[in-house]
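This is what each chain is made of:
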Amino acid sequence: MSSTFSGINTAYSALVAQRRALETTGQNVANVNTPGYTRQRANLEAQGGPAVPAMYSKYDGAGDGVKVVGVDRITDTFLQARAQNEAAKLAAQQSVATSLSRIEDVFPEPSDTALGSNLADTWNAWADVANSPGDEAPRSALLQQAHTLTGNINAASKNLSDQWEQQRQELSVTVDEVNVAAKGIAELNLAIRRDTQAGVPANELKDRRDALVDKLASLVGATGRQGEDGVVDVYLGGTAIVRGSDADALRLDGPAKLGDVTASSQLRIVRATDGYPSSVSSGKAAGALETLNSTLPGYSQKLDALASGLASSVNAIWSTGYDLDGNPAAGNFFGSSDGNPVKGSNITVLVTDPRKVAASGDSATRLDNAVANSIAALAGKVDGPDGAYRDLVANLAVESQTAQTRLTTQTSVANKAADSLEAVRGVDTDEEMTNLLAYQRGYEAAARVMNSINSMLDTLINMVGR
Amino acid sequence: MTGISRVTYHQLGISSLRGVQGNLDRISNLQTQLSTGRSVNRPSDSPSGTSAAMSFRSDIKANTQYARNANDGIAWLGNADQALQSSLSITNRVRDLAVQAASTGSQGQTARDAIATEVRQLRESLIETANTTYIGRPVFGGTTAGAKAYEKNGSYVGDTGQVLRTVANGVQVRVDGSGPEIFGTGDEQLFTIVNDIADHASGDPAALQDDLTRLDKALTNLRKGAADIGARYNRVESLKQGADDRKLTLNKGLNEIESVDIAEATVQLQLQQVAYQAALGTASKVLQLSLTDFLR
Numbered sequence: 001m002s003s004t005f006s007g008i009n010t011a012y013s014a015l016v017a018q019r020r021a022l023e024t025t026g027q028n029v030a031n032v033n034t035p036g037y038t039r040q041r042a043n044l045e046a047q048g049g050p051a052v053p054a055m056y057s058k059y060d061g062a063g064d065g066v067k068v069v070g071v072d073r074i075t076d077t078f079l080q081a082r083a084q085n086e087a088a089k090l091a092a093q094q095s096v097a098t099s100l101s102r103i104e105d106v107f108p109e110p111s112d113t114a115l116g117s118n119l120a121d122t123w124n125a126w127a128d129v130a131n132s133p134g135d136e137a138p139r140s141a142l143l144q145q146a147h148t149l150t151g152n153i154n155a156a157s158k159n160l161s162d163q164w165e166q167q168r169q170e171l172s173v174t175v176d177e178v179n180v181a182a183k184g185i186a187e188l189n190l191a192i193r194r195d196t197q198a199g200v201p202a203n204e205l206k207d208r209r210d211a212l213v214d215k216l217a218s219l220v221g222a223t224g225r226q227g228e229d230g231v232v233d234v235y236l237g238g239t240a241i242v243r244g245s246d247a248d249a250l251r252l253d254g255p256a257k258l259g260d261v262t263a264s265s266q267l268r269i270v271r272a273t274d275g276y277p278s279s280v281s282s283g284k285a286a287g288a289l290e291t292l293n294s295t296l297p298g299y300s301q302k303l304d305a306l307a308s309g310l311a312s313s314v315n316a317i318w319s320t321g322y323d324l325d326g327n328p329a330a331g332n333f334f335g336s337s338d339g340n341p342v343k344g345s346n347i348t349v350l351v352t353d354p355r356k357v358a359a360s361g362d363s364a365t366r367l368d369n370a371v372a373n374s375i376a377a378l379a380g381k382v383d384g385p386d387g388a389y390r391d392l393v394a395n396l397a398v399e400s401q402t403a404q405t406r407l408t409t410q411t412s413v414a415n416k417a418a419d420s421l422e423a424v425r426g427v428d429t430d431e432e433m434t435n436l437l438a439y440q441r442g443y444e445a446a447a448r449v450m451n452s453i454n455s456m457l458d459t460l461i462n463m464v465g466r
Numbered sequence: 001m002t003g004i005s006r007v008t009y010h011q012l013g014i015s016s017l018r019g020v021q022g023n024l025d026r027i028s029n030l031q032t033q034l035s036t037g038r039s040v041n042r043p044s045d046s047p048s049g050t051s052a053a054m055s056f057r058s059d060i061k062a063n064t065q066y067a068r069n070a071n072d073g074i075a076w077l078g079n080a081d082q083a084l085q086s087s088l089s090i091t092n093r094v095r096d097l098a099v100q101a102a103s104t105g106s107q108g109q110t111a112r113d114a115i116a117t118e119v120r121q122l123r124e125s126l127i128e129t130a131n132t133t134y135i136g137r138p139v140f141g142g143t144t145a146g147a148k149a150y151e152k153n154g155s156y157v158g159d160t161g162q163v164l165r166t167v168a169n170g171v172q173v174r175v176d177g178s179g180p181e182i183f184g185t186g187d188e189q190l191f192t193i194v195n196d197i198a199d200h201a202s203g204d205p206a207a208l209q210d211d212l213t214r215l216d217k218a219l220t221n222l223r224k225g226a227a228d229i230g231a232r233y234n235r236v237e238s239l240k241q242g243a244d245d246r247k248l249t250l251n252k253g254l255n256e257i258e259s260v261d262i263a264e265a266t267v268q269l270q271l272q273q274v275a276y277q278a279a280l281g282t283a284s285k286v287l288q289l290s291l292t293d294f295l296r
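Going line by line, the protein sequences match chains A and B. Quick note on the numbering used here: the first sequence kicks off at 1 and runs consecutively. Quick note on the numbering used here: the second sequence kicks off at 1 and runs consecutively.
If you're looking for bench data, these hints aren't it; they were derived computationally from the structure. What you are looking at is a predicted structure, and each value in this text was computed from that prediction instead of being measured. Please note that a few of the clues may not be correct.
[Stated by the list, open to error] Stretches of chain A that chain B covers, calculated by requiring three or more beta carbons in the stretch to come under 8 Å of a beta carbon on chain B: (1) 95-107; (2) 111-123; (3) 183-191; (4) 372-386; (5) 398-411; (6) 414-426.
[Stated by the list, open to error] Pairs of lysine-lysine, DSBU-like flavour, derived with a Cα cap of 35 Å: (7) B/Lys217 <-> A/Lys381; (8) A/Lys416 <-> B/Lys285; (9) A/Lys356 <-> B/Lys247; (10) A/Lys381 <-> B/Lys252; (11) B/Lys148 <-> B/Lys240; (12) A/Lys302 <-> A/Lys356; (13) B/Lys252 <-> A/Lys302; (14) B/Lys148 <-> A/Lys356; (15) B/Lys252 <-> A/Lys356; (16) B/Lys247 <-> A/Lys302; (17) B/Lys217 <-> B/Lys148; (18) A/Lys356 <-> B/Lys217; (19) A/Lys381 <-> B/Lys152.
Glycine included, C-beta positions come from ideal geometry on N, C-alpha and C.
Using the sequences and the accompanying hints, generate a full structural model.
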């Protein structure tokens, strides 16, 4: 037989439970617009008899009310991992597409003022020299035009190199951000573990920690793995950067200039303590690494090949020529300004005196314009400088367009993954309003029950007997 | 997601925003196209279009240069042609005088002396004509840097080079005339023959018959040279016309690739703006409703 006042206890437990559930609903509503918030739900459990009945410890009561045994975080770890994955790929794709777009700005074709036009104007300047080989004026004009051409090639090369350095700086900042986030995750893991072991719900801490894991995913493509006591370990490739409450720092390792990047000397993200390389295959850092290690060096080398091809094809014809005074061509027409092999950054015009421009092909017939004509005939040749430049721009155009298409697709995929996750863990105010009604009525009903029991007991105590 | 998925308010807001952003992006692209008038503003807008446009541009520049070269060549050849026409008429006059002097019966010594003097004058004119220049360069002197092709005494001071002009892709045309070929060399040279005629007119009229035969051969040569120059003149003119025509075609092709169809782009812009308005309207209607409006 249960005690006389056990009914009141039951009603009281109901009041407490409904109030607690109401507060949880309040917490959800308060955080309806908080990014990364996972909705919570109070877990109500009916209290009844003991789980193991015994001969002399039987239970014959009606039940002991209700208890809130915990506050659950409604989320789906699979969807969360998928959303992190797709966000990482999206960040990588964004980084690549932006870099290619910046490289496109260096070669603003099709246009009447860019390198393609400069090349055509230089060939035409040679043709004008061929038309009046005895005049110094077209020769001066040729030297000016050639200077414009080499100046623009130098500027393009410098632009690519500046972009490389800027991107490297950004990557270095990204690695610092990763280190800060990893430390944050470690600290939160420690707090969560302590709370879980003490039986205290740590849902808000878990939300903050998950937001940091999301950030790590989009920065370097890290993945989170559930550990014990609510802790999440973060792995980058196969190595862990956060294990429980310990975090490893990372750093950037590799060449400091565009010119130093080769197939064997590349930028890598490594563990700060021992230089062990981490495999960064996704995330913003992966996109940056691809740009720094292969895209920018690739185009810079193509530009260098264009410059050296231009110099060698013109110089080959030039060296067979004779200048205005009948002397054989002295030195080269195009050369490097610093003594190194001709590249995009150092190509320049070595001739300064218009009289030294070697237009003639025969020292005996000084106004014969054979050399000037041959050089002018290099215009538009598919295997000459024009063809090389056109290939460079065509390659760039295709690569950039592909990157943009991939970005659009990946944006859509990442959005869908994020939407699926939101659908599970997002707060719906309509739902919360409905729950609010339910808990509110529950509270009112429990109060009513208490009232009824009270008046029953009142009858019993005050009315019966004298 | 299969089945009925939960949709939260936040989600509605985000998806409306995404839709509106997408619309704005498309509107912005169309505006860029309309304001630049080009549909290919960056290489990635159309890789094949960019490649073709660059190719067209460089061809247009090349053909402009060909037309310029051809103009220069036409001037050279025109001058040479005129010079040869006057040489022909002077030489014909010399021939008439020689025939006159050869008929010894009707001419006395004084008459023949007068003829000799005139022939000598005509020889000087011939040499002057052979020294015709174009922009300071003798048209019959090859590639010499000097100002003359022939000295007063008839010796050739030009050189053996050719003046070539590129008037089409891989096509070079010679725009000067070779003095030795047109006027002859050694004993067969026109000026030597005319000199001989002058000498024989006053001294040895019997030799004039022989001179006349030689003069006829030189005249044939001269006519051949004139015909050759005339033919080349026509060729360069037609090649120049070709270059100009090709430029027109290339420009048209470039326009087709690069330029935006204004009418079509404007219509698209209107459609996008309507879509944008619809998206905004929908978003505002949907986001206003909530259960809280209905609970007391």
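**Prompt:** What are the numbers of the hints the structure violates, in ascending order?
**Reply:** Of the numbered hints, 3, 7, 15, 18, 19 do not hold.
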